[in-house]
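K.L.:
Chains as they are written, first to last, in the working numbering: chain A, 1 to 285; chain B, 286 to 784.
Keep in mind the hints are simulated off the structure, nothing from the lab. Where is the CB? At the ideal position from N, CA and C, for every residue including glycine. Hints are not guaranteed to be accurate.
In silico BS3-like links for lysine-lysine, alpha-carbon gap of 30 Å or less [to be verified]:
id : chain 1 : residue 1 : chain 2 : residue 2
1  : A       : Lys226    : A       : Lys137
2  : B       : Lys574    : B       : Lys317
3  : B       : Lys573    : A       : Lys137
4  : A       : Lys111    : B       : Lys316
5  : A       : Lys6      : B       : Lys574
6  : A       : Lys220    : B       : Lys317
7  : B       : Lys328    : B       : Lys352
8  : B       : Lys328    : A       : Lys108
9  : B       : Lys346    : B       : Lys328
10 : A       : Lys111    : B       : Lys352
Partner residues aside, some chain B positions facing chain A, computed with beta carbon under 10 Å [claimed, not checked]:
id : residue
11 : Asp473
12 : Thr479
13 : Thr519
14 : Val521
15 : Ala611
16 : Leu655
17 : Phe710
18 : Tyr714
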Amino acid sequence: MIKSYKIRRVITNIFVYILLGGLGLIWISPLVYLVLHSFRAEGLAQVDYLIPKSYSFQNYIDLFTVTGGGTNFPRWFLNTFIVAIFSCIISTLAVMMVSYAFSRLRFKARKPMINIGMILGMFPGFMTMIAIYYLLKAMGLTQTLVALVICYSAGAGLGYQISKGFFDTIPRALDEAATIDGATKNQIFWKIILPMSKPIIVYTVLTSFIGPWTDFILAKIIMGSKIDNYTVAIGLQNMLAAGKSLTQFKMFLAGSVVVAVPITILFLVMQRYYVEGVTAGGVKG
Amino acid sequence: MKYIDYVQLNPFQKFGYNFVKFFKALPGNLKKIFLAIGNFFKKIFVGIGKGFAGYFSRFVKGDWATKCSYLVMGVGNASKGQLVKGFLFLLVEVAYILFMVFFGAFYLAKFPTLGTVSPVDENGRRVKGIIPDNSMLILLYGVMTIIITVLFFCVYIANTKSAYKAQQTVAEGKKPIGFIDELKEFLDSKFHVTLLAFPTLTISVFTILPLIFMILIAFTNFDSDHNELAHLFTWVGFDTFKQVFETSGRASMGATFVELTEWTLIWAVFATVLNYILGMVVALMINKKGIKLKALWRTLFVVTVAVPQFVSLLLMSQMLNVNDGAINTLLCDVLHVIPQHIDFLGGDPLVARITVIVVNCWVGIPYTILITSGILMNIPADLYESATIDGAGPVKSFFSITLPYMLFVTTPYLITSFVGNINNFNVIYLLTSNLQNSNDLYKAGHTDLLVTWLFKLTMNEHDYNLAAAIGILVFIVCATISLLTFNLTKSAKNEEEFS
Numbered sequence: 001m002i003k004s005y006k007i008r009r010v011i012t013n014i015f016v017y018i019l020l021g022g023l024g025l026i027w028i029s030p031l032v033y034l035v036l037h038s039f040r041a042e043g044l045a046q047v048d049y050l051i052p053k054s055y056s057f058q059n060y061i062d063l064f065t066v067t068g069g070g071t072n073f074p075r076w077f078l079n080t081f082i083v084a085i086f087s088c089i090i091s092t093l094a095v096m097m098v099s100y101a102f103s104r105l106r107f108k109a110r111k112p113m114i115n116i117g118m119i120l121g122m123f124p125g126f127m128t129m130i131a132i133y134y135l136l137k138a139m140g141l142t143q144t145l146v147a148l149v150i151c152y153s154a155g156a157g158l159g160y161q162i163s164k165g166f167f168d169t170i171p172r173a174l175d176e177a178a179t180i181d182g183a184t185k186n187q188i189f190w191k192i193i194l195p196m197s198k199p200i201i202v203y204t205v206l207t208s209f210i211g212p213w214t215d216f217i218l219a220k221i222i223m224g225s226k227i228d229n230y231t232v233a234i235g236l237q238n239m240l241a242a243g244k245s246l247t248q249f250k251m252f253l254a255g256s257v258v259v260a261v262p263i264t265i266l267f268l269v270m271q272r273y274y275v276e277g278v279t280a281g282g283v284k285g
Numbered sequence: 286m287k288y289i290d291y292v293q294l295n296p297f298q299k300f301g302y303n304f305v306k307f308f309k310a311l312p313g314n315l316k317k318i319f320l321a322i323g324n325f326f327k328k329i330f331v332g333i334g335k336g337f338a339g340y341f342s343r344f345v346k347g348d349w350a351t352k353c354s355y356l357v358m359g360v361g362n363a364s365k366g367q368l369v370k371g372f373l374f375l376l377v378e379v380a381y382i383l384f385m386v387f388f389g390a391f392y393l394a395k396f397p398t399l400g401t402v403s404p405v406d407e408n409g410r411r412v413k414g415i416i417p418d419n420s421m422l423i424l425l426y427g428v429m430t431i432i433i434t435v436l437f438f439c440v441y442i443a444n445t446k447s448a449y450k451a452q453q454t455v456a457e458g459k460k461p462i463g464f465i466d467e468l469k470e471f472l473d474s475k476f477h478v479t480l481l482a483f484p485t486l487t488i489s490v491f492t493i494l495p496l497i498f499m500i501l502i503a504f505t506n507f508d509s510d511h512n513e514l515a516h517l518f519t520w521v522g523f524d525t526f527k528q529v530f531e532t533s534g535r536a537s538m539g540a541t542f543v544e545l546t547e548w549t550l551i552w553a554v555f556a557t558v559l560n561y562i563l564g565m566v567v568a569l570m571i572n573k574k575g576i577k578l579k580a581l582w583r584t585l586f587v588v589t590v591a592v593p594q595f596v597s598l599l600l601m602s603q604m605l606n607v608n609d610g611a612i613n614t615l616l617c618d619v620l621h622v623i624p625q626h627i628d629f630l631g632g633d634p635l636v637a638r639i640t641v642i643v644v645n646c647w648v649g650i651p652y653t654i655l656i657t658s659g660i661l662m663n664i665p666a667d668l669y670e671s672a673t674i675d676g677a678g679p680v681k682s683f684f685s686i687t688l689p690y691m692l693f694v695t696t697p698y699l700i701t702s703f704v705g706n707i708n709n710f711n712v713i714y715l716l717t718s719n720l721q722n723s724n725d726l727y728k729a730g731h732t733d734l735l736v737t738w739l740f741k742l743t744m745n746e747h748d749y750n751l752a753a754a755i756g757i758l759v760f761i762v763c764a765t766i767s768l769l770t771f772n773l774t775k776s777a778k779n780e781e782e783f784s
């Protein structure tokens with residue numbers, strides 16, 4: 001009886017291994033395809049076989065040296081980096097301030113403000129896009145990097161839930177002890193809460209740093225045809241535009257790898273925080 | 286039904302019971318929501334009424350300086366020795382008056398008509414020698430002026446309160462608080478004001494102002510015929526919404542709206558449920574006893590979450606290409622499973638819809654794995670053991686133990702991801718943005734969700750009013766679903782505590 005149970009378990013495990021292997025192959029193969037073909041030397045666009053016949057670094061060299069004919073990847077990379085740095089600093093500050101206020105401070109407008117934040121989140125984001133465009137145009141900021149920084153960081157305060165959840169877990173006794181010792185709320189914020197919240201600060205910094213590398217809709221509307229101020233996301237999407245996709249497909253693959261590798265590493269490092277963040281707000285139990 | 290009867294039902298009966306309960310409770314829940322909304326407005330009006338009562342009673346009880354500050358802000362505070370505060374109040378008033386005289390009043394006066402001086406005559410020629418109105422700017426700056434006026438009104442009320450408070454402090458024989466001490470309060474008892482001031486300002490300007498602007502656009506005729514060149518559009522009431530529901534003719538908006546709403550809901554259900562269940566099955570397989578290299582398997586799936594969506598989805602759209610896409614190459618030329626290349630996204634609507642749902646599984650299942658892995662490990666192992674002893678197979682214990690437990694714990698996550706899928710722009714847009722619109726639909730393809738239709742109407746057709754109206758309808762759908770399901774889970778929570 002025991003023996004047959006063991007055999008049955010081995011068989012199920014083998015079955016599970018095969019299934020996992022198959023599924024894993026399906027999930028990973030588009031990415032393997034991406035990396036392999038970004039080194040492909042022959043052919044222009046997609047080819048009618050799966051494994052490239054010859055490899056070279058030419059696509060990557062092209063990516064960083066060709067700066068004409070609608071591509072300027074080094075410039076885009078720099079743009080995105082600048083935008084990401086600034087919007088990351090501003091957003092992190094805003095998120096920390098809002099979540100501390102909603103988590104630790106009690107004031108009359110707290111509940112209504114939380115509710116308003118929730119309602120604002122239910123409107124489709126793209127609805128306001130055109131109004132934001134006209135607003136920036138009225139300020140004379142369209143087609144500039146400043147506009148992008150504003151767009152990415154202005155609404156950041158609304159993403160307070162995750163760090164509020166984190167602040168909620170810090171014992172209130174700490175605040176009370178500090179208050180008795182004569183600390184103001186300001187000092188508690190800077191000297192007690194923030195130093196204790198390193199993980200959530202790291203998470204907020206990383207997510208807001210990644211944002212500009214992956215968004216392209218808003219950036220595209222703001223930048224229009226000004227190719228020199230594109231970010232990598234619009235630039236890469238632009239490479240696939242009709243008419244170009246033949247000549248620049250391999251550059252698109254190489255560019256995708258260049259953008260995706262650092263972001264993937266960042267994400268894998270911080271996936272624990274990500275899970276905690278998502279489940280803290282949305283899961284009970 | 287008692288709890289003891291409920292637990293003895295099989296999963297399908299449980300589902301049926303909950304389903305019937307949901308619809309039986311629906312009128313009650315709807316009533317509750319309307320009552321809550323009613324109460325909300327009642328509260329606001331009562332609050333305003335109390336505010337005005339206080340406003341007048343302070344005026345009656347106030348001395349000459351307090352009465353003066355009802356007209357010239359800051360006099361009350363200044364006369365009690367709070368010079369800096371009084372001066373700041375005065376500065377705000379002067380600034381507001383200057384703003385209104387030189388800027389706000391013009392746009393506010395034009396606000397009811399949205400402009401009357403057209404830059405072009407009847408034949409479309411530019412008229413020379415006039416300063417034309419620009420309805421878009423009038424609407425935008427009009428909304429801005431109204432917001433600034435409301436803010437000024439708040440400062441004004443605060444000014445009368447502050448003047449009266451200073452008067453009372455003096456009457457009690459104390460000295461009113463100095464400016465420096467008052468500033469220090471903003472670091473302690475009023476610290477929330479300091480913290481929230483900057484984020485509230487940016488959110489007001491770049492989220493709330495645009496939102497009000499777009500909501501108002503839905504009630505105008507700002508479309509491709511009344512665009513920036515003609516400069517003028519005007520209020521049309523609910524005509525835009527009538528247009529959205531207009532059903533006459535081929536490829537009418539109403540028919541398109543109905544079809545896309547159906548598809549959006551079908552999509553949201555499939556995208557949510559499939560990802561949830563399949564993701565959980567994969568997570569269970571990874572976490573199964575005796576499976577080695579758990580971290581490796583998990584990473585294998587999670588890598589797809591980490592890769593930016595615009596990269597993975599754009600790549601997918603290229604790989605699904607009919608002529609030279611890698612997937613057609615694999616299936617047809619290498620494996621010979623299919624006789625000829627399939628046009629996955631641009632051909633038959635049904636095939637296209639199935640394709641986007643499958644691709645969305647590829648995108649979404651790793652998310653579920655990531656999120657549910659931890660919770661799955663929390664399910665008490667003795668539950669499974671006793672189920673095995675009672676002779677339950679893996680399928681049976683999945684539906685009787687895992688799924689109910691997970692549903693109990695992750696309902697809020699499910700609701701948010703359902704609403705998120707209704708607004709899931711990236712997957713559909715990145716996969717299908719290169720495709721032609723369908724002839725049977727009004728400026729939309731068969732795989733378009735309401736949000737991508739909204740986007741197309743804005744960017745390609747410049748029918749801003751239609752897009753805004755659709756945005757409002759999407760909001761109503763999302764808000765109703767959230768409220769109803771939230772109420773349901775709240776009422777269910779106490780009744781069937783899972784142990």
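K.L.:
With reference to the structure, classify each hint as holding or not holding.
P.N.:
Status of the hints after comparison with the structure:
Restraint check for Lys226(A) and Lys137(A): satisfied, since their Cα atoms lie roughly 14 Å apart, inside the 30 Å limit. Among the hinted pairs, Lys574(B) with Lys317(B) is inconsistent with the structure: their alpha-carbon atoms are about 47 Å apart, more than 30 Å. For a cut-off of 30 Å, the pair hint linking Lys573(B) to Lys137(A) is broken: about 56 Å separates their Cα positions. At roughly 23 Å between alpha-carbon atoms, Lys111(A) and Lys316(B) fall within 30 Å of each other, so this suggested pair holds.
About 13 Å separates the Cα atoms of Lys6(A) and Lys574(B), which keeps this hinted pair within 30 Å; it holds. With a C-alpha separation of about 43 Å, the suggested pair Lys220(A) and Lys317(B) falls outside the 30 Å cut-off, and the hint is violated. Between Lys328(B) and Lys352(B), the direct Cα distance comes to roughly 29 Å. Compliance with the 30 Å bound is thereby established for this hinted pair. Proximity of Lys328(B) to Lys108(A) is assessed by CA-CA distance (about 14 Å); at most 30 Å being required, the pair is judged to hold.
For the proposed pair Lys346(B) and Lys328(B), the alpha carbon gap of about 26 Å is at most 30 Å, so the pair holds. Between Lys111(A) and Lys352(B) the CA atoms are separated by roughly 34 Å; this puts the pair beyond 30 Å, and the hint is violated. Interface restraint check for Asp473(B): the shortest CB-CB distance to chain A comes to about 4 Å, inside 10 Å, so the restraint holds. Taken as an interface hint, Thr479(B) checks out: its beta carbon lies about 8 Å from the nearest beta carbon of chain A, inside 10 Å.
With its C-beta approaching chain A no nearer than about 18 Å, Thr519(B) sits outside the 10 Å limit, and its interface hint is violated. Checking Val521(B) against chain A: minimum C-beta separation of about 18 Å lies over 10 Å; hint violated. Because the beta carbon of Ala611(B) sits about 6 Å from the nearest beta carbon in chain A, less than 10 Å, this interface hint is met. Taken as an interface hint, Leu655(B) checks out: its beta carbon lies about 6 Å from the nearest beta carbon of chain A, inside 10 Å.
Look at Phe710(B): its Cβ gets to within about 6 Å of chain A, closer than 10 Å, so that hint holds up. Taking 10 Å as the C-beta contact cut-off toward chain A, the hint placing Tyr714(B) at the interface holds, the least distance being around 8 Å.
In the structure shown, a violation is registered for the earlier hints numbered 2, 3, 6, 10, 13 and 14, in ascending order.
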